[in-house]
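Please put together the full structure from these sequences, using the hints given.
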Amino acid sequence: MNASNNRSIQPVLMVALWLCGWAWVQAGDADALIAAGESKLKIGEIDAAIVDLRQAVAVDPASSRARTRLGGALLLKQQNAAAIDAFRAAITLSANNADAFIGMAIAYLHGGDGALARAALEEAKRIDPARAARIDELIASIDQRAMSAGAQ
Numbered sequence: 480m481n482a483s484n485n486r487s488i489q490p491v492l493m494v495a496l497w498l499c500g501w502a503w504v505q506a507g508d509a510d511a512l513i514a515a516g517e518s519k520l521k522i523g524e525i526d527a528a529i530v531d532l533r534q535a536v537a538v539d540p541a542s543s544r545a546r547t548r549l550g551g552a553l554l555l556k557q558q559n560a561a562a563i564d565a566f567r568a569a570i571t572l573s574a575n576n577a578d579a580f581i582g583m584a585i586a587y588l589h590g591g592d593g594a595l596a597r598a599a600l601e602e603a604k605r606i607d608p609a610r611a612a613r614i615d616e617l618i619a620s621i622d623q624r625a626m627s628a629g630a631q
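Residues 480 to 631 in my numbering are what the sequence shown lists, from first letter to last.
Keep in mind the hints are simulated off the structure, nothing from the lab. A hint or two may mislead.
Per label pair, the in silico range of CB-to-CB distance [claimed, not checked]:
| id | residue 1 | residue 2 | range |
| --- | --- | --- | --- |
| 1 | Arg613 | His589 | 17 to 25 angstroms |
| 2 | Asp607 | Lys556 | 19 to 27 angstroms |
| 3 | Met626 | Thr571 | 30 to 38 angstroms |
| 4 | Ala598 | Val530 | 26 to 34 angstroms |
No experiment lies behind these values; they were computed from the predicted model shown. Quick reminder that beta carbons are idealized off the backbone N, C-alpha and C, glycines included.
Following this line, the structure appears as C-alpha cells:
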C-alpha cells in the first residue's frame, strides 16, 4: 500500500471509528435512561419513568430491553394497547425475550383476551424453561377463569 492509498483510507477509517464510538455512546445513554426509568418506577413515578423509557427507545431503537421496560411502565398505567405494542416491538427485536412475552400476556389478560395471554405465556415458557412452574400457575389460573366464565 502506498502513501497515497494510506491518506485516502484514513478519513474513511476515522469516520468508521467515530460511528462505532457514537453507537457505543448511544447504547450507554440508553442504558442510563433505562436505569433512570427503573429507579423512577421503584418510587412510583410512573409518568416520569415513561418519559425516560421513551427517550431510551429514541436513543437506541434497537434495544429490546428498553422497549420491554417501556411496555412494563405502560402496563402500570393501564395503557394495555400501548404496552402490547411495546412488547411486540421488543419481541421483534429479540424473539427470545421471555420478559416481553410475559408482559404482553399480562397486558392481554387486562384487556380480557385470555387466549392470547395463554399463548404468550406458553412462548415465554418455551424460551425460559426455568420459569415453567410459575408460568404454569398463571396458565392454570387463566384456564380456571375461562372455565368459570364458560359455566356462567
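Indices of hints not satisfied (ascending): none
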